[in-house]
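Number of protein chains: 2
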Amino acid sequence: MGEKWVLMKTAQTPTNIAVIKYWGKRDETLILPVNDSISVTLDPAHLCTTTTVAVSPAFQQDRMWLNGKEMSLSGGRYQNCLREIRKRAREVEDKEKGIKIEKKDWEKLHLHIASYNNFPTAAGLASSAAGFACLVFALAKLMNVEEDESQLSAIARQGSGSACRSLFGGFVKWIMGKEEDGSDSLAVQLVDEKHWDDLFIIIAVVSSRQKETSSTSGMRESVETSLLLQHRAKEVVPKRTLKMEEAIKNRDFASFAKITCADSNQFHAVCLDTSPPIFYMNDTSHRIISHVEKWNRSEESPQVAYTFDAGPNAVLIAQNRKAAAQLLQRLLFSFPPKSDTDLDSYIIGDKTILKDAGLEGMKDVEALSPHPENGSAQKYPGDVNYFICTRPGKGPVVLSNENLALLDPETGLPK
Amino acid sequence: MGEKWVLMKTAQTPTNIAVIKYWGKRDETLILPVNDSISVTLDPAHLCTTTTVAVSPAFQQDRMWLNGKEMSLSGGRYQNCLREIRKRAREVEDKEKGIKIEKKDWEKLHLHIASYNNFPTAAGLASSAAGFACLVFALAKLMNVEEDESQLSAIARQGSGSACRSLFGGFVKWIMGKEEDGSDSLAVQLVDEKHWDDLFIIIAVVSSRQKETSSTSGMRESVETSLLLQHRAKEVVPKRTLKMEEAIKNRDFASFAKITCADSNQFHAVCLDTSPPIFYMNDTSHRIISHVEKWNRSEESPQVAYTFDAGPNAVLIAQNRKAAAQLLQRLLFSFPPKSDTDLDSYIIGDKTILKDAGLEGMKDVEALSPHPENGSAQKYPGDVNYFICTRPGKGPVVLSNENLALLDPETGLPK
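So the sequence lines, in the order shown, correspond to chains A and B. Residue numbers for the first sequence follow full-length UniProt numbering, so the first one is 1 and each next one is one higher. Residue numbers for the second sequence follow full-length UniProt numbering, so the first one is 1 and each next one is one higher.
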């Protein structure tokens, strides 16, 4: 076999947002959690990672580029993922290109990896979840690995815990598992993205002046110091997970919203019970919660669920497009863009919802009236950076169109 | 006996701030808590309620004035206190004035009550605690009640739970009790105000745009919906209370600070775990916590403890005057007054600390440099309304100087 060939695979993997939260590891190295968690996968059209992985006898070392910038692969989390996936590599033959890689060759061959997020990395939108899931998925395809998505999820988990839930679309459960080696700590799909396709999701990317605690160190400190975390993990979450699975199976939005909100709040309660306390939500997050709570209580049944990860951004899950359009009206009344921002860059993702909400330009936003259930007509321009409109979405896919590859097929370097 | 006489007593009672928090009742009417709590009494020179109670055969009904404004006494909490204290009234004789009230007369005689807080009622500084304690204490003195302060505390408790802790100076424990009738749910003094007189207290009265949930309805909602509250009450607080008593006995500031901060944070964690979630702290509260945490960690041992009640105000307990002066420098650097506010109205209470901090005017405040442990040099003018400088203080006293009475000795009406 020639020394100049480059073999590549490109994959696209979604992010996910937990509705039953993962917070706390029982094993730091293997990334084994203290409780099960459940997530909804977000539509990769609006939030996803694309990763191209390449192998070539010409490569001198493993290298990686994230959003065009070279990054170190020396971290334990990358090394664990690379080691585990290489172990499972099998013979690969590309007759057209005249390439044949034997199983044993993979140990010596080096990899190039290029990854790109279609959303701002710094926005606190679980980029590491999509990133590690995509890395493992793309490598599995390149290396002809025969393990299924659940088995791959246990590898992605060793990169970033929540990454294991990005191997599937729809609603996904990360089973905490019991084994010391972590072999049974993996993700399974509860239902696919078609099961509950009424749901619509609006993410408020909230401005923050605070530097946030990373979730890795935050959850370590919670495990070490919170006197509530173990009670949550052992007594609260197991029952809540069962109820959540029921709610998802039955598309019972009232129950889904109640549990989603309660579990987000309890996760942040555990953060606050940590020493020193961790504050991920800020006054804007609190105001969004207050708006949603008041609206839900003013209706016969809840219209919107909220959930917050390790940052101030609100993920708002509306029971259908109509509720999402009404939600958007409420949000834009209280959190309009700053005067120099246009609606087109303030609402991104699936902008079709704007039409449903009767908001075709800034004039329509300015004409919005306060909503009766909300006691305050106060406006907070600039407190939200932008909104992303999206939906539950599908799992990882291979992109066969070579034009979408992030590495040059000749050099194996970023395009 | 003539029909024109008025007999009066005036008392002054301190506020208190809990260092082990009371949150959750097991009996709403008797106001019986789900856990013990511990507080420090604040110096009445800076924060207290003064109450004059008067009795006269000329009074047609029970009446009350708070800060000069007539208030209804029809609420169950007032009625419970009045009933319980009347039950214990005894014979009173004032030979000088030629007045004699028989035990049985008290049932028919009406009362006038005037109460005044030497601090803003709306500032969220436990005015109801001082108020009910003062009401019960002053009435007990007027009616020659023989019960001791602990027994009176069980009556004040029925007005406002935390009021029972304002019957003593120094550090006070509210024992939750076991009896269904609440007879053993009362306060005891752990140590008097001289036991640990190094402590210095700075209260940051924080600006808030939010209308806060009352503690009464907030704790009811927590009891009904938080899945963490019972765990806190049954598993966490009993151990923590014992450690806190030890820390106070030994004047062990490191342990005192650790438990005080952890318990404040856990109380707010339970509020967040409530449905709908309750947020008492805001971004300013979070910033103050972050400042204190960073400073404490940069020193060999903690310098300051923080605690927050049902609002955004920070109560900061410094281990001594020196630490308090350093704290004040740090606070004034980050939270200076707005440009139209002078230092004299921005720092109230025991202003002598300003000299210790080298801050004799706004020029000195403007000349402050950022402190090395605090990563940010950001300033937030206007985010704090003012600071109250004070210390642990004494319990209730009778004011024998008639000039200090709030009711006219002839008419029994507010002066």
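Keep in mind that the hints were calculated from the coordinates and are not lab data. Incorrect hints may appear among the rest.
Treat identical chains as interchangeable: a pair holds within one or across any two.
Unchecked claim - As a list, the in silico DSS-like pairs of lysine-lysine whose alpha-carbon atoms are at most 27 angstroms apart: (1) K25 <-> K294; (2) K338 <-> K379; (3) K355 <-> K243; (4) K239 <-> K25.
Right, here's what the structure says about each hint:
{"no.": "1", "hint": "K25 <-> K294", "in the structure": "between (35 angstroms within a copy, 26 angstroms between copies)"}
{"no.": "2", "hint": "K338 <-> K379", "in the structure": "both (11 angstroms within a copy, 23 angstroms between copies)"}
{"no.": "3", "hint": "K355 <-> K243", "in the structure": "neither (35 angstroms within a copy, 60 angstroms between copies)"}
{"no.": "4", "hint": "K239 <-> K25", "in the structure": "both (19 angstroms within a copy, 26 angstroms between copies)"}
Violated hint: 3 only; the structure is consistent with all others.
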